[in-house]
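J.: Protein chains in written order, with the working numbering: chain H, 1 to 494; chain W, 1001 to 1319.
Hint data in this document are derived by calculation from the structure and do not stem from the laboratory. Even for Gly, the Cβ is constructed at its ideal location relative to N, Cα and C. Check before you lean on any hint, since a few could be wrong.
[Stated by the list, open to error] No farther apart than 30 Å at their CA atoms in a straight line, the calculated lysine-lysine pairs in the DSS-like style are these:
| hint | chain 1 | residue 1 | chain 2 | residue 2 |
| --- | --- | --- | --- | --- |
| 1 | H | K353 | H | K470 |
| 2 | H | K338 | W | K1304 |
| 3 | H | K324 | W | K1304 |
[What the hints assert, rightly or not] Going by beta-carbon spacing under 7 Å, a handful of chain H positions derived as facing chain W:
| hint | residue |
| --- | --- |
| 4 | W16 |
| 5 | Y18 |
| 6 | A19 |
| 7 | P22 |
| 8 | L284 |
| 9 | D285 |
| 10 | E289 |
| 11 | T329 |
| 12 | K338 |
| 13 | N339 |
| 14 | E364 |
| 15 | A454 |
| 16 | N455 |
| 17 | N458 |
[As the list claims (entries may be wrong)] Derived list of chain W stretches under chain H, where covered just means 3 residues or more per stretch with a C-beta under 8 Å from a C-beta of chain H:
| hint | stretch |
| --- | --- |
| 18 | 1033-1039 |
| 19 | 1044-1054 |
| 20 | 1271-1283 |
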Amino acid sequence: MSEAIERPSGGAPPAWEYASAPESTDVVRLEDRYGLFIGGEFVEPKSGRWYPTISPSTEETLAEVAEADAADVARAVDAARDAAPAWQRLAPAERAKYVFRIARQLQERARELAVLESMNGGKPIKESRDLDVPLAAAHFFYYAGWADKLEYAFPGRGTPEPVGVAGQIIPWNFPLLMAAWKLAPALAAGNTAVLKPAETTPLTALLLAQVIQEAELPPGVVNVVTGAGETGAALVDASVDKIAFTGSTEVGKAIRRATAGSGKRLSLELGGKAANIVFEDAPLDQAVEGVINGIFFNQGHVCCAGSRLLVQEPVFDVLLAKLKDRLQTLRVGDPLDKNTDVGAINSKAQLDKIEELVESGVDEGAEIYQPECELPERGFWFRPTLFTGVVQSHRIAREEIFGPVLSILTFRTPDEAIEKANNTPYGLSAGVWTEKGSRILHMAQRLRAGVVWANTFNRFDPTSPFGGYKESGFGREGGLHGLEPYLSFDGNHR
Amino acid sequence: MTQAAEIAPRPAAQPVATAAEAARIVARTAAVDAVGLEGRAAALATRSIKRDAKAWGLQLAIRCMDLTTLEGWDTTGKIVTLCAKAIRPDALRPEVPSVAAVCLYPQLVPVAVEQLRGSGVAVASVAGGFPSGLGPLDARLQEIRGVAEAGADEIDIVLNRSLFLGGRYAEAFEELVAAREAAGPTHLKVILETGELGSYDRVRQASMLAMAAGADFIKTSTGKIGMSATLPVALCMLEAVRDFRAQTGRLVGVKVAGGVRRAKQALQHLVLVHETVGMEYMSPELFRIGASSLLNDVLMQLEKERTGNYSGPDYFTID
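In isolation and in its complexed conformation, chain H is listed as follows:
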């Protein structure tokens, strides 16, 4: 017998180890330092301050970015204000062309954006490649289509006019996608914008600024100011006509206080503690996938994550066994590996918060389950985690963990499921798993959540509005609902 290939004999090896399949980073050309994007140019910050932005999976510095102070923000808002009249006067079809151009350019540079998103944010490349970037482009395409149809979008409401200058503050969990959610409807409706990316994930927004430059948008129509909370606060206080914020409930409340009485329009998309409700008759194997996707997608850094699993008691044991099995097959590690299912936690601060809440879960008496999996030495990592024996009063059942941690509770009847699902200060999303169509409708009517998914979870589409009840915020993004906050009718700017 020849020796050329070692023939696998005597059955299987202990594991079929997939060889590493890293996406190449060659496609990304990073500069050492990124200024603020104001008036169509990258400029040095007046603050004179810069800070490093890192890769959470390696802790390496990727680039330095400017930290904008109030004067920088004012400069950006002035640029947006100056650009507004001409942008508004532009024939709607011409404005649409610019927005379409951004969309096409995002597709053109999709690979670069996806790789950079995973480098800077820690999310698996398969997610940034298959979800974040395509969906970001889709939002620009969708809203570009509305630009010359605004008069027909809201029948009976009068003549639509842009609101003016929008200040837009976005989170670190979907950096490019959130920028798209904010900018696309604003631009299509004829507004100009100042975008403030999250402190830890500014790079794809800066790449988007380059795309906008290449698309030859008139200078000042879109401005990007980077920085931390101070920069965001300065933008809220600046002379903008509207604030759109996605982020934590705590900051959302502060923004609401700051804008109260100022005449500024406000929309808030905040936290969540969504219930994923699995009934006895559910397609269990697909429910398992939905539960896994619901909480481990993007390391659980998802405001609409299905972080509370409500299981009808008869199927609790079976479902739990299936979930534990499935957890073993999750591949945690290098975000750039095409086979990675769960990537890095976005920052040290977030990792600390997750660890603190998980510890509270153990202390309060819930039972923890984590699969055996090796974690890289450098970077910020957290094992996919299940908690059983969770009761409504535990912190892990009430507070948003924003990490790969699932709290499992049980219920007996549909009404009890509704009661438990609604018994939270949040109300962003919910999931219902059952084969019975009438029960889906019954549940959807009673769940106080902006989105209710039936037999699926974490599905997004530009045409579908997204937003919350209660402390999950107000206002909607996506669809016509997402266009409306960027328009005023018959001179009524409120």
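Position chain W relative to chain H; hints supplied.
T.: Just chain W now, kept in the frame of chain H:
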């Protein structure tokens, strides 16, 4: 010298239920959500299998292959060449493993038995009124007994879809049990012909019924209709097998057949197996791929892994 495929004999399965329970088995089978199932299969299909992992997977695909010819014009000559290919798939590379079995029509079983004797490659025959399964029951059972006596190691029979889709579950179950008896200790695969079942719910119900009736393997398709072994169908059956294992402790094999023509598809099926039922199933004892043209594509990919270059189809024998 080619080393024979080493398929450890497993004791033949036995029914774990009675015909009276058939309807209940169908009724209590977990529902399947088509969108979720297809989504999961599509996600697993994007796994990137490279280098060592790929080479190992490709060799496993060969070891799990039922090299098949099920044509009206199959002759002794065709079977002789196919058997030679089965034993030694790559004429130039004796280290490439043999396939698991040769799959053919009953009349040609003696030819294959003769050709494969001592090679370790099994003889698998379709029987029981393949592909429709609608001939007289006596004749179908006689055909099964006949191929077992003729020396077939494995018998691929078909589920009676007429009875199953007609809701006559007890009768469908009884036929399967009778086939099990007729096959005796011979390894029995039950073809569900999933393309005719119309929904994944039905595929899963049929899987549970066949396993309860004593199937050693459940198999997707006859290869005689357009729709065959798609990834979601394979996943659906693997999930049924996983439930059956949890419920009874028994391991039932899965065979995908029909439409798997490319090495890449074979690897995708192996990924499904790997991530659904685990390493235990990564062997010809519990997983098979029924195919004819797949083998040469796998050989070509193996050669590419070895040399870094693709060679042309004429460098691999057509048998």
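J.: Hint by hint, say whether it matches the structure.
T.: Hints and how they fare:
1. For the hint pairing K353 (chain H) with K470 (chain H), the CA-to-CA distance comes to about 23 Å; that is within 30 Å, so the pair holds.
2. For the suggested pair K338 (chain H) and K1304 (chain W), the alpha carbons sit about 22 Å apart, so the restraint of at most 30 Å is met.
3. For the hint pairing K324 (chain H) with K1304 (chain W), the CA-to-CA distance comes to about 38 Å; that exceeds 30 Å, so the pair is violated.
4. Because the beta carbon of W16 (chain H) sits about 5 Å from the nearest beta carbon in chain W, less than 7 Å, this interface hint is met.
5. With its C-beta approaching chain W no nearer than about 5 Å, Y18 (chain H) sits inside the 7 Å limit, and its interface hint holds.
6. Of the supplied interface hints, the one on A19 (chain H) holds, with its beta-carbon coming within about 4 Å of a beta-carbon of chain W, less than 7 Å.
7. Checking P22 (chain H) against chain W by beta carbon gives a least distance of about 9 Å; that is not within 7 Å, so the hint is violated.
8. The beta carbon of L284 (chain H) comes within 5 Å of a beta carbon in chain W, closer than 7 Å, and the hint placing it at the interface holds.
9. With a cut of 7 Å, the hint placing D285 (chain H) at the interface with chain W holds, because the nearest CB-to-CB distance is about 5 Å.
10. Because the smallest distance between the Cβ of E289 (chain H) and any Cβ of chain W comes to about 5 Å, under 7 Å, the interface hint for this residue holds.
11. Of the supplied interface hints, the one on T329 (chain H) holds, with its beta-carbon coming within about 5 Å of a beta-carbon of chain W, less than 7 Å.
12. Because the closest C-beta pair between K338 (chain H) and chain W is about 4 Å apart, less than 7 Å, the hint holds.
13. For N339 (chain H), the shortest C-beta to C-beta distance to chain W is roughly 6 Å, which falls under 7 Å, so the interface hint holds.
14. Given hint, E364 (chain H) at the interface with chain W, is violated; its Cβ is 31 Å from that chain's nearest Cβ, farther than 7 Å.
15. The restraint placing A454 (chain H) at the interface with chain W is violated, with a minimum CB-CB distance near 10 Å, outside the 7 Å limit.
16. A cut of 7 Å between beta carbons decides the hint on N455 (chain H): the least distance to chain W is about 5 Å, and the hint holds.
17. The restraint placing N458 (chain H) at the interface with chain W is violated, with a minimum CB-CB distance near 11 Å, outside the 7 Å limit.
18. For the stretch 1033-1039 of chain W, the proposed coverage by chain H is satisfied: 5 residues have a C-beta within less than 8 Å of a C-beta in that chain, meeting the threshold of three.
19. Here's how the stretch 1044-1054 of chain W fares: 9 of its residues keep a CB closer than 8 Å to some CB of chain H, so the rule of at least three is met and the hint holds.
20. With a cut-off of 8 Å between beta carbons, the stretch 1271-1283 of chain W has 6 residues touching chain H; three or more are needed, and the interface restraint holds.
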